[in-house]
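Asker: Assemble the complex: chain W is given as a structure, and chains H, P and Z must be docked to it using the hints.
There are 4 protein chains.
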Amino acid sequence: MSRPSPLSRDEFALFRALQTRWADNDLYGHMNNVVHYALFDTAINGWLIEEGLLRLGGGDTIGLVVETGCSYFSEIGFPDKVAAGIRIGHLGNTSVRYEIALFRNDEERAAAQGHFVHVYVDAATRKPRQLPGEWRRVLEDYLR
Amino acid sequence: MSRPSPLSRDEFALFRALQTRWADNDLYGHMNNVVHYALFDTAINGWLIEEGLLRLGGGDTIGLVVETGCSYFSEIGFPDKVAAGIRIGHLGNTSVRYEIALFRNDEERAAAQGHFVHVYVDAATRKPRQLPGEWRRVLEDYLR
Amino acid sequence: MSRPSPLSRDEFALFRALQTRWADNDLYGHMNNVVHYALFDTAINGWLIEEGLLRLGGGDTIGLVVETGCSYFSEIGFPDKVAAGIRIGHLGNTSVRYEIALFRNDEERAAAQGHFVHVYVDAATRKPRQLPGEWRRVLEDYLR
Amino acid sequence: MSRPSPLSRDEFALFRALQTRWADNDLYGHMNNVVHYALFDTAINGWLIEEGLLRLGGGDTIGLVVETGCSYFSEIGFPDKVAAGIRIGHLGNTSVRYEIALFRNDEERAAAQGHFVHVYVDAATRKPRQLPGEWRRVLEDYLR
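Protein chains in written order, with the working numbering: chain W, 1 to 144; chain H, 1001 to 1144; chain P, 2001 to 2144; chain Z, 3001 to 3144.
Treat the hints as calculated values from the structure; they're not laboratory data.
Any given hint could turn out to be false.
To be verified - Derived DSSO-like pairs: lysine-lysine, alpha-carbon spacing no greater than 27 Å straight-line:
id : chain 1 : residue 1 : chain 2 : residue 2
1  : W       : Lys127    : Z       : Lys3081
2  : Z       : Lys3127   : W       : Lys81
3  : H       : Lys1081   : P       : Lys2127
4  : P       : Lys2127   : H       : Lys1127
5  : Z       : Lys3081   : P       : Lys2081
6  : W       : Lys81     : H       : Lys1081
Extracted from the complex, chain W is given alone in its bound form:
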């Protein structure tokens, strides 16, 4: 099993500041592995909403998650602050691969990094649809 190496901050141009919560810590005293994915979702969707791309309750395009993954290098835990670095790993016709690294407090190397793949679908029919041009124009700026 080959292991990826932790990415550094200079491999990302876009960051989101995230908080940890008391309940994130499990009985080993650090953030449960599940919480990393809640932070991924929050970082990506918060960004997409601010860019005007994702519209809660109103848009006709939604992203369905078809694959996620995460590698864990070192511990994060409440009350740490987290910086989430975001980049686009792949920009397909109907899908996007988002890559996210979580940096603990001021650390330069990622404590964890992962990805998730969205397939964009029509909100009503749930059929895949071509990624709208406005999405492509924003996302391609962060394509690595």
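Answerer: Below, chains H, P and Z without anything else, positioned relative to chain W:
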């Protein structure tokens, strides 16, 4: 059933800035009622840690929650920001009643408010113990 | 601060079997106080769905939570099993007070007990509406 | 991006029955992608506890998660029941790859499937340690 009225910001002297998460929203499109309590915990414990009172994994006094409650007035939901106002409702020999109001974005009136009661116990024996003097000195400044 | 006493199983006629999860345990090694409310929601809504009263995504009446509360008597934690006893504390014109007690494994006395108050509203307008007759007929059987 | 195919129940010899919760559903009306990992953790750790291998708060060996991943094929949502199929994908000297598939209600094909990799460490020093013989004897029965 009598209902409390939403408190306003000027009834609090201490605030904590909190984030919402994507997964906080339930299928009605706003923050699930359970999440309010996760925010209460995070606001109070984050403050107690910064004050040097609560020490994760190391302190000999921990607070066990014996009662919680919340009244909900209006909706909060991701990606809203939340300001949590904190005050001390009661400062007993071995227990503290924390009162918390959650303000959505820049709103002046609480979207929800609640309380929780901690009984302070010896970390090892779980027997109630008198609230240490250093705790009392910090908390009494916020007694309403 | 007066404290309620733990209820016993014979004060309930309706029970739901619930599971705990690994992530429910916090760093003190037992179920975080927030999780009790997630169990309340799951017990009540699971029951209402099975009775055909609550229809996800389709019904015209939804219950908005306006008040919740919980008293904690003893610890529950993964991998415990939980039995949730349910009864109706109050059946109003547009609101219902549900009372729930959580029993750990085979224990006779509640480890925690609480309530939540639903106001029933029109799914589209969010205006309170009279509790439908079919709801009333089911719920009044469990009125204490 | 190649996509795995959903596994069927006959590719697993060990199953755990799991519940969904009300709060698992996000605003698209189905289980949020994060929750799948909470179910993975619960299935695996619940099994390891029942086998007497994992001892909460007492054992000298704990499993640290170093990698997780999940592919999503179809929707699951509260109040669905879930059967988690478990098998061992790899049994190393100090690490184990657990593979889990989540089957919705009575469906034969997985709605989602994933894995996580535990590295076993000394609870005190957090240094990797050889997987104890009692673990190996149980786990190798489920090696695919």
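Asker: So, for every hint listed, does it hold in this structure?
Answerer: Okay, the hints, checked on the actual structure:
For the suggested pair W/Lys127 and Z/Lys3081, the alpha carbons sit about 26 Å apart, so the restraint of at most 27 Å is met. In summary, the hint linking Z/Lys3127 to W/Lys81 is supported, as the alpha carbons are separated by about 26 Å, within the 27 Å threshold. Using a Cα cut-off of 27 Å, the hinted pair H/Lys1081 and P/Lys2127 holds, with the two alpha carbons roughly 26 Å apart. Of the supplied pair hints, the one linking P/Lys2127 and H/Lys1127 is violated, its CA atoms being roughly 48 Å apart against a limit of 27 Å.
A distance of roughly 16 Å separates the Cα atoms of Z/Lys3081 and P/Lys2081; the hinted pair therefore holds under the 27 Å criterion. A C-alpha spacing of about 16 Å is found between W/Lys81 and H/Lys1081, which places the hinted pair at or below 27 Å, so the restraint holds.
Checked against the numbered hints listed earlier, the structure breaks hint 4 alone; every other hint is satisfied.
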